[in-house]
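Asker: Chain by chain, the residues:
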Amino acid sequence: MRYEIRVDGLMSDTLAKAFPELDHVVMSGQTVLFGSVVDEAHLYGLLARCQSLGLHVLEMRQVPE
Amino acid sequence: MESSPTSAEHRVDPLGDPFLRTCFALPARPVTFLRRPRLTRHLDQALRTPLTMVNGAAGAGKTLLVADWAAGLAQPPAWLTMEAEEERPGMFWAYFLHALRAWGSPISEQVGGPADANHVNRRVLSAIAEDLQARSPAVTVVLDEYDRVTVPEVAEQLDFVLQHAGQGLRLVLVTRTEPMLSLHRYRAAGALTEIRNAELAFTPEEAAALLEGHGLSLPVGTARALVDRTRGWAAGLRLSALAAQQSPDPETYLKEFEASRSTVADFLLAEVLKRQPEQTQDLLLRVSVLDRLCPDLVNALTGRTDAERILSELCRGNAFVEQLGHSWYRLHPLFGEILRAHLRVRRPGLEPELHRRAARWLRRAGSLPETLSHGAAAGDWEFTAGALVDDLAIGQFFTGLRSDDLARLFSRMDPGATSPATDLVRAARELSQSDLGRGTAHLRHAEARLATGRADPAAAQLCCALLEALAARLSGSPARAERAAESADEVQPEVPAHLLDRHPELPALLLTHLGSAQVWAGRFEDARVSLSRVADSPGRAATLLAREESMGHLALIDYLNGWTGRAEHQALESVNGTEQCGPFGPGGSGIGRVVLAAVAVDRNELARAEALLDETDGPPASLHDPVTAAGRAMVTARLQLARGNTRAAVEAADPAVAADVASPWADSHETLVTSAAHLAEGRYESAAEVLRQLGDGQPVCAVEAARIQLAVGDAGAAIDLLDSVPGAHPAAGPAVTVRAMLVRAQAADAAGDAAGARRLVALALHEARRERLRRPFLDAGRWLRPLLVTAPLHQLAAGWLRPDSSSYGAPGGPGGPPWPIVVEELSTREQDVLERLAQMMSTQEIAADLFVSVNTVKTHLKSLYRKLGVNRRSDAARRGRDLRLL
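Chains as they are written, first to last, in numbering that gives the first Met the number 0: chain A, 0 to 64; chain B, 0 to 885.
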């Protein structure tokens, strides 16, 4: 499954290293993390990681392969 | 089994480790902490509602708010900060109880506590609730970082305790995520005090006051903009204060921050970090791999000696680090992750080395679980496996307490790692999955390396002996198990006593394996010595499984000697102990349930026996040893025989295990079932033929063989067999003696000695009644029935051998001829035939309907008549209805 997670604010490249399994792109004041997610557990893990990094998640959605 | 309330038990959790003292300390507030009266006032309501939830994002200031409120109360509450380990129900409740103990108001000693890390008994929860309910004033318990608890059972159990503790318990949950309690119910009942993220957010006025505390005086406009930018987020405000403090023009700095669009924590943390002195930055990055830190450990990571000073400075400045008490600190959870990301960028490749250093320090400090997790994170497998082996903790692969954690941890082990310890760990992993071939191969490697390796491998040799004993048990080889036990005895004095004290599971498991191998070989007295040492040892969490297994094996010995009641008692104790660990007990063989099933068959409680057997049809992870396999085969075959399914019985009787030595009792029981099956199908000669292969020495088997000999017409052989029993086995129990008396009675009956037969049957009934041994009477055959309706025997059989003395009409009464008292259970096929017969179908019609030959139907009819004690179709149908078989 491919997912993208949109968070508020521009993430630094350093912080993006906290998501080594995802790519990221910054645009219009937001950062989009994207890539393949292994399963539901991984998905919830990513959400928890966002939370523990103090990130504000705006959107999370599955994207076509 | 619940742990006995001894003071020693109180110092350790269900995994046998000391409680983490830092979990119970009220967190200290930094000097810059700002008390916000509107929140404290709201929290005061927590004293009036059963449940309070403070729910907000990481860094929203939840913990400090509650800690500050708690410290200001006349009676501060009990405090418990959740750790990852406490996620499991057993651990959670052990820590919950310890929090009350540490707080000075323990729950009554009678409650005990969970002995198993993964489970807690409902009875314990009720007792906790009951104890709390009587409390006045109420006990307030704060559970901080409750979001770490993700197991639904814990929420459900908390709900239960809260509901039943009534006015005696006030619970405050501090959490990042919505807890899985039925909050709506509490809300509707007005029983919930709730402070959520929006309420935790700083107002502009509060933000201005906070910045004031950091020595920054700002106009309200700037403070409002800052609150907008950070959404009133406490951590964001605090970081911006720290960053601004260190800049030449704080106000301009904050304006710039407001204008930037970076993610708040990320940006601010980088800002604050880069303003720290070089050593502090380096320290912060390095400690990001740790969950908890103390100065000495941090020095080990930095290679310097300045940790104490830097940590206390950071703590005082409320930057990054929080004090846990007892000179332990931790990074603020929000910053740990970000710092780790910085570490990876700024010091690529350093992470494994840091884990390696942490592992070595923790090893010296004696914290095994943390040592293992850092060692594994470092990928240093020889060290990690070595730590496990040198600590004598290898038995934890088999006790169920930590076995899953260990298996998971070592599943990542690099196949290239070669040391005696890594081979031992591999062997333990394979053997815990009952993979004898691979396990033994690894074990041989380990032995070869140990023989040529460095000095002082006593711990490794002891671990090796344990695994060898297990391998011996699984391959049914008592000689190997004995050699392993001997070599364990030899090295034991060389192993530090405190390690043996800490790991009572190691000798307990070893003796259990030895005992099991001896049981297999039929050496019951030797086995009893080995197993009793384990069963009689004091109950501790670590030895729980070994004790249950030992008791299960002792129960099997009793059963095989004919002591049905004693076997049941012992097996129940064994099974009850593992009850809370799930039906099998982790890694257990389920031998206790097999014995209970055997007892149930002897009592003709066939449905119960089947249910018990189904439960032992274990998952692949449970232990497959020959004793349990043979026990299962024996009971399954007897169950099938009792149901008249002779072919299934013969098939089930073969345990299909490969063992180094033969097992006399397993072989005898298999032979006996085969012979009994021949007898049931009327092949007398084959039955007698098979019996010739019967080995001697098994009293139960000898008397059953005697019964078969008598049935096939060889009364002399039968009596010879019986005469061989009592002398050789003075210890034979009722299951043997009752059967022996019935055989003698049958012989007397056949010889025309009716009075003698009656006297013997009366004795047998007397003896069997206490143990409810029904099966021997059902197996005895038709000769017994006329005897059982005569006066004294009729009374002796009433109530247990037959449902009720009045239900089938009195002998000679208006109900017609007296029905035989005992009814054998019909086989499925016989039941099919009976049903069709009751529908007035002819033999030919029944045969066609069931797709069998007419002769087969006639055979079924014959045995049906025999079992129902009738001679005609109409009687069979009537009798079937009376017995509710139709």
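Calculated directly from the structure, the hints in this document are not laboratory data.
One should not assume that every hint holds.
Below 20 Å or equal to it, Euclidean Cα-Cα: the simulated EDC-like pairs (lysine to aspartate or glutamate) are [said to hold, decoys possible]:
(1) B:LYS861 / B:GLU680
(2) A:LYS16 / B:GLU312
(3) A:LYS16 / B:GLU350
(4) A:LYS16 / B:ASP831
(5) B:LYS273 / B:ASP295
(6) B:LYS273 / B:GLU312
(7) B:LYS273 / B:GLU255
(8) B:LYS273 / A:GLU3
(9) B:LYS254 / B:ASP281
(10) A:LYS16 / B:GLU824
(11) B:LYS273 / B:ASP227
Have a look at the derived ranges for each label pair, beta carbon to beta carbon [claimed, not checked]:
(12) A:MET26 / B:ARG134: 52 to 60 Å
(13) A:VAL62 / B:ASP403: 29 to 37 Å
(14) B:ALA190 / A:GLU39: 28 to 36 Å
(15) A:ARG5 / B:THR451: 29 to 37 Å
(16) B:ALA610 / A:ARG5: 31 to 39 Å
(17) A:MET26 / B:SER125: 54 to 62 Å
Only a predicted model underlies this, so the values are computations on that prediction, with no experimental measurement involved.
Using N, Cα and C, we set each Cβ at its ideal position, and we do this for glycine too.
Asker: Now, for every hint given, state plainly whether the structure supports it.
Answerer: Structure-based check of all given hints:
1. B:LYS861 / B:GLU680: holds, 11 Å
2. A:LYS16 / B:GLU312: Distance of about 28 Å is beyond 20 Å: violated.
3. A:LYS16 / B:GLU350: holds, 14 Å
4. A:LYS16 / B:ASP831: violated, 71 Å
5. B:LYS273 / B:ASP295: Outside the cut-off at roughly 25 Å; violated.
6. B:LYS273 / B:GLU312: Given that 20 Å is the threshold and the Cα spacing comes to 16 Å, the pair holds.
7. B:LYS273 / B:GLU255: Given that 20 Å is the threshold and the Cα spacing comes to 17 Å, the pair holds.
8. B:LYS273 / A:GLU3: Roughly 31 Å separates the two Cα atoms, so the pair is violated.
9. B:LYS254 / B:ASP281: Given pair LYS254 (chain B), ASP281 (chain B) is violated - Cα atoms ~29 Å apart, limit 20 Å.
10. A:LYS16 / B:GLU824: Distance of about 70 Å is beyond 20 Å: violated.
11. B:LYS273 / B:ASP227: Given that 20 Å is the threshold and the Cα spacing comes to 25 Å, the pair is violated.
12. A:MET26 / B:ARG134: 52 to 60 Å: holds, 57 Å
13. A:VAL62 / B:ASP403: 29 to 37 Å: The hinted range 29 to 37 Å holds for VAL62 (chain A) and ASP403 (chain B), with Cβ atoms some 35 Å apart.
14. B:ALA190 / A:GLU39: 28 to 36 Å: holds, 33 Å
15. A:ARG5 / B:THR451: 29 to 37 Å: violated, 60 Å
16. B:ALA610 / A:ARG5: 31 to 39 Å: violated, 54 Å
17. A:MET26 / B:SER125: 54 to 62 Å: holds, 57 Å
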